[in-house]
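For this one, chain A is given, so just place chain B on it according to the hints.
Note that the protein sequences, when read in sequence, are chains A and B. By my numbering, the letter at position 60 of the first sequence is numbered 60, and the numbering carries on one by one without gaps. By my numbering, the letter at position 274 of the second sequence is numbered 650, and the numbering carries on one by one without gaps.
None of these hints come from the bench; they were simulated from the model. Quick reminder that beta carbons are idealized off the backbone N, C-alpha and C, glycines included. Misleading hints may appear alongside valid ones.
Far from chain A by the CB rule (all over 12 angstroms, computed), these chain B residues [to be verified]:
id, residue
1, V426
2, S479
3, A616
4, D651
5, N673
6, D740
To spell it out: a stretch of chain B is covered by chain A in this simulated footprint if at least three of its residues, at any positions, have a beta carbon under 8 angstroms from a beta carbon of chain A; those stretches are [claimed, not checked]:
id, stretch
7, 381-392
8, 509-515
9, 789-797
10, 801-815
11, 821-829
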Amino acid sequence: MATTKKDPVLVVLQLTGANDYLNTIVPYTNGYYRDARPRVAIPENEVLPIDDELGFNPNMAPVKQLFDDGKVAVIHGIGYENSPRSHFRSMDIWHTCEPDIVGTEGWAGKVIRDLDPSGENVLKGVNFGQGLPRALALRGVPVTSVSNLESYGVLSNVPGVGDDRDQILERFARMYSPAVGTGVVMDYLGQTGRDALKGADIIKAAPEKYSSTIEYAETPIATALRDVARVYLADLGTQLFYTQHGSFDTHFNQPPAHIKLWTDVSRAIGDFFDDLKEHDAGDNVIMMLFTEFGRRVKDNGTGTDHGAGGVAFVIGNQVKGGMYGTYPSIRPEDLTQGDLAPNYDFRGFYSTVVERCLGLDAVPIVGGKFEQLDFV
Amino acid sequence: MPDKQEIALMAHLMRRAGFGAPREELEARAGNGYEATVEELLHPENQAPVDEDLLYRFMPGYELAGAPAINQGEWVYRMINTQRPLEEKMVLFWHQLFATGNSKVDNPPELTVQIAMFRTQGLGKFRDLLVALAKNPAMLYWLDNNGNHMGAINENWGRELLELFSMGVGNYSEDDIKEASRAFTGWTIGTKIPRAPLGRYLWNFEFKPEDHDAGQKTFLGQTGAFDGDDIIDIVAKQPATARFLARHLYNFFVADEPQVPSWNITPPNDPEAIDQLVQAYDDSDGEVRAMMRVLFNSEFFKKARFSHVKSPAELVIGTARLAGSYQGPRPGFDKLALEAAYQGQELLNPPSVESWHTGSEWIDGGALVRRVNFAANLLGDTSLPGVHSMVESIRGRGALAPEEFVDSCLELVGPLEISGTTRHELLDQAQTGGNLAWSTEAESAESEKRIGVMLALIAASRDFQFA
Chain A
1 MATTKKDPVL VVLQLTGAND YLNTIVPYTN GYYRDARPRV AIPENEVLPI
51 DDELGFNPNM APVKQLFDDG KVAVIHGIGY ENSPRSHFRS MDIWHTCEPD
101 IVGTEGWAGK VIRDLDPSGE NVLKGVNFGQ GLPRALALRG VPVTSVSNLE
151 SYGVLSNVPG VGDDRDQILE RFARMYSPAV GTGVVMDYLG QTGRDALKGA
201 DIIKAAPEKY SSTIEYAETP IATALRDVAR VYLADLGTQL FYTQHGSFDT
251 HFNQPPAHIK LWTDVSRAIG DFFDDLKEHD AGDNVIMMLF TEFGRRVKDN
301 GTGTDHGAGG VAFVIGNQVK GGMYGTYPSI RPEDLTQGDL APNYDFRGFY
351 STVVERCLGL DAVPIVGGKF EQLDFV
Chain B
377 MPDKQEIALM AHLMRRAGFG APREELEARA GNGYEATVEE LLHPENQAPV
427 DEDLLYRFMP GYELAGAPAI NQGEWVYRMI NTQRPLEEKM VLFWHQLFAT
477 GNSKVDNPPE LTVQIAMFRT QGLGKFRDLL VALAKNPAML YWLDNNGNHM
527 GAINENWGRE LLELFSMGVG NYSEDDIKEA SRAFTGWTIG TKIPRAPLGR
577 YLWNFEFKPE DHDAGQKTFL GQTGAFDGDD IIDIVAKQPA TARFLARHLY
627 NFFVADEPQV PSWNITPPND PEAIDQLVQA YDDSDGEVRA MMRVLFNSEF
677 FKKARFSHVK SPAELVIGTA RLAGSYQGPR PGFDKLALEA AYQGQELLNP
727 PSVESWHTGS EWIDGGALVR RVNFAANLLG DTSLPGVHSM VESIRGRGAL
777 APEEFVDSCL ELVGPLEISG TTRHELLDQA QTGGNLAWST EAESAESEKR
827 IGVMLALIAA SRDFQFA
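So that you can see chain A by itself, here it is in the shape it has in the complex:
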């Protein structure tokens, strides 16, 4: 156990596009699996076995290694009732914890709010990606969103500015200084601009402070997780990181696509945790992987279509590794509309992490009390 008590840190990795459960944790000895997927099933001898029924996708070796070290919890059959099987709607449901109405407040935004009620640290929650996912959207909660850490910042790309950038930024800061008599909105803009500049300055120092022997791959997900590591290790007070990878929407030509997706993601995860280990900084970090739903049991010829029940993962030193929940039955008579029936509400998954790792009250964050699992 670490001797220093550090703040808990959550890394949310969203697998966008609906990752295929059946080919991720594979029921490789199940006859129904092979019957339903003549073209898309993973050969029995390629699977990385967990036991004599289930195994990891062959391209997930780094994650399997972490699983064998007891650091990965596999959450079976996750989802919610009456999945609309629409990417957008389903992702919104995962982001807002509102399966029945259109929600606008993000669960992760509420987490950030509860971790830093005064909103003092604009870097408490950091998203690596474009725009701001709805999961992080909550009025009054500042979240920093970085699409490229190297070039992040105000006026970072203006033609003709070049070497004068520092001087231009100082001018920008003065342009946004408090100005008497210009009104409430101007004041607000001024404050917002100055805070953004400050946040950008702070976060941009992270790469300079970072050194590591780990050589991450040159893939977008590896870059994102390396940026998470760099900002985390720079000790800026960030407690929630959010990023995504995709697209897992493998309707067409699933086998080669899924290979690359999981190779890239797994290697990035492996390198990330190795990086944390090298810095002796892994104990308080926990990573959640989720996707908006799983995919159909029967293949469509070259790929799979939208399903319902899916799989989620939690990875970290605090995790009590193993499998949790029940793999939904793939017998045709047990399916809903041809899909795996979810049996575990995703809000319980969030609740477990929010309460047991972050020490927050999960009920207002996920909108109710849901069954927690003992993976931490």
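For chain B alone, coordinates are given in the frame of chain A:
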């Protein structure tokens, strides 16, 4: 030649009634006169529509496209390239008011159909627009009226029609909502053709008489065997409707009001302005064009300079038009649409039927950085046609002293009004380089670079966030 005041007023009109206009256009329009320009804007049918043959020939994937970003991009193309600025601005207004989101509808071309309907109905009778909206398939699905049945009503559409689209909270009862919902039973979408194997087909409005509750209803104090048309007729005649619509038009076109949910307790900032717009509604039997005529010609409008925080759409489209970077069919409209999404306004996908929060609530740290960077990157790029033309215009004014240099830039970008703080910094920046010089190639290159940086600073200013 129109004077500075006339140009400034015309710039204000074009920013609000459209997406801004470059200097030459402002001079031409000011030359025609303000009222004549307002009339021209109010009659888009007299200008050429977007040339769809040209658009779809270059971008065949844009016609009935499936992907959200392409549908958004198609609309962005129209906003930038339209010859009918007010028609297109009204579309944005109605989209923000009748917020329908692709997250649930999951049918981008169907949303494009709704947008096209706003284009044709947007300046006509409000009553007619509400009927078209009630029969619009995307709306029927979005607010569940296809699940509103005789004997088992679904109140979603009935409620939002009254609460968000016409009268506003506090002007009707829960019973009125129920009775309205009964009236709309049977208004549904015909059987959908599945996507496989032939691809997407548009949905169709269908009236199912066997599912329609044709019984007596009491709605807002009147009794009859009302159907949806009748409900809308009654609603359109309510003073609360005229008032609510007037306030929305004021909030979008004149000056930022507090957020809509507080409107039943917070009075308008300018009650007399609202009264004038309500009068225009009453005098014209609820015609939006008539209200806009009164609005644009009013003193309260003309004085409301820079009192509106640009929405992401206005910022992105306006700056792209100014920089002259997206005229005519070319790749990149979907990226522009994505930029608006990253700034907080994903076209065709408002977060809920309550729509985006506008005014200062468009701005948070992340959005501000994106807005500043986007605008500065465009206006700082002197290779773009619109920016280049500003450089040439300044070159034509000779060896400008710092103050004239700054003023020229502000004039060409707007004209833009700025605060003392901004002016101080821009002047300081101009002074570090001395007068602009154009006698040698090296001097010209340096001057051009300085102009680019100055324009970028102006684009990055707080003042630029306002229209």
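Hint check against the structure, violated hint numbers in rising order:
Numbers 2, 6, 7, 8, in rising order.
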